[in-house]
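Now for the letters of each chain:
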Amino acid sequence: MKEFIVLCAALLIIILFPVQSLLDTAYNAREQVFDTTVRSYAERARIAGKFTPEILNDMRDELCDKLPGLSGGDIDFTGTTAQKYRGESASDDSMIDFRVTMPIRNRFVNGLIFGSILPGNTEVYACSGQVYSEATP
Amino acid sequence: VKVFITTIGTLILAATIWVLTTTMYQYNEQSDKMRWVADQAAAAGALYLDEAAAQEGMNAFVDAESLQAIKNVVCSNLHLDNNANPDTGAYVQRHVVVTAYLLDDQNCRVYRDGVLIDSYNFSYPYLLTVADTGYSHAVGHPSVVVTIDAGTRHIGGGFLQFDPVLKRSGAYEWMDK
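Protein sequences, first through last, are from chains A and B. Heads up: the first sequence begins at 1 in my numbering, then just goes up one per residue. Heads up: the second sequence begins at 1001 in my numbering, then just goes up one per residue.
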């Protein structure tokens, strides 16, 4: 009987790992959708020469549509909102930066054990990059 | 005791597999990013056309500017220093070799790390296949093809070691805008 109880307790701990793997798969798929969407809007910013309010609003709307449980307020953007032009020579002045983040809640299957690693068991996932502006004055 | 030892063994195995799986997800993510960076580098490289040549009806890239733009995009996105070696926050573990194919109305010039290694004539339409990655690009207009080679990434250890390759190509075709 004692061994049975120990086995049950051990199984409860071991089962966390395959369940965590399942969660990772789901989050990875979510991150791929996030990356693809953000990068497609970076293409729009490349043509416009900056991340315009319209591009940012459209990006937020599309991300919220594609990713259930995500609201516009969850998405944080830092990057180039001032106009950049394609220059005569290749320099950093023509580069448009972006860093878009979203929270991944319930990151670990057992927040009680691993929750201390991440505050609130929430990871902030970021997609960032730099692209060259194609806009001409 | 038997149950305890078996549990500890299983726990170590499960944790190892979980860590490896997570690392492989990270690798896939970075490999996808590298493909996107190659596309962006090619797009940046295609921005610099010789205006004087264009007025005579010939589309020709300004090689120095195109190569500089390609380098800027690759280094800033992959967190590399000016010599394309890993900097803080870089996922790659060694010097990144960037090969650029500049295909315009003159000919095709191949640069590796900014040094001209080959040039040959071609005519539109032309199918360029990058031997290293197997990447193909149909060239109908002046184009830039970029290959980023970061070697392998060591994942795991011992009999559970994997060394997936981080080598991706991307292209951009210049259309009159």
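You may find that some hints are simply not true.
[Said to hold, decoys possible] Subject to a maximum C-alpha distance of 35 angstroms in a straight line, what follows is the list of computed DSBU-like cross-link-like pairs (lysine-lysine):
# : chain 1 : residue 1 : chain 2 : residue 2
1 : B       : K1033     : A       : K50
2 : A       : K50       : A       : K66
3 : A       : K2        : B       : K1033
4 : A       : K66       : B       : K1002
Hint data in this document are derived by calculation from the structure and do not stem from the laboratory.
Against the structure, the hints come out as follows:
For the given pair, K1033/B sits about 21 angstroms from K50/A by alpha-carbon distance, which is consistent with the 35 angstroms threshold. Between K50/A and K66/A, the direct Cα distance comes to roughly 24 angstroms. Compliance with the 35 angstroms bound is thereby established for this hinted pair. Of the supplied pair hints, the one linking K2/A and K1033/B is violated, its CA atoms being roughly 52 angstroms apart against a limit of 35 angstroms. A C-alpha spacing of about 49 angstroms is found between K66/A and K1002/B, which places the hinted pair above 35 angstroms, so the restraint is violated.
Violated hints, in rising order: 3 and 4; the structure is consistent with all others.
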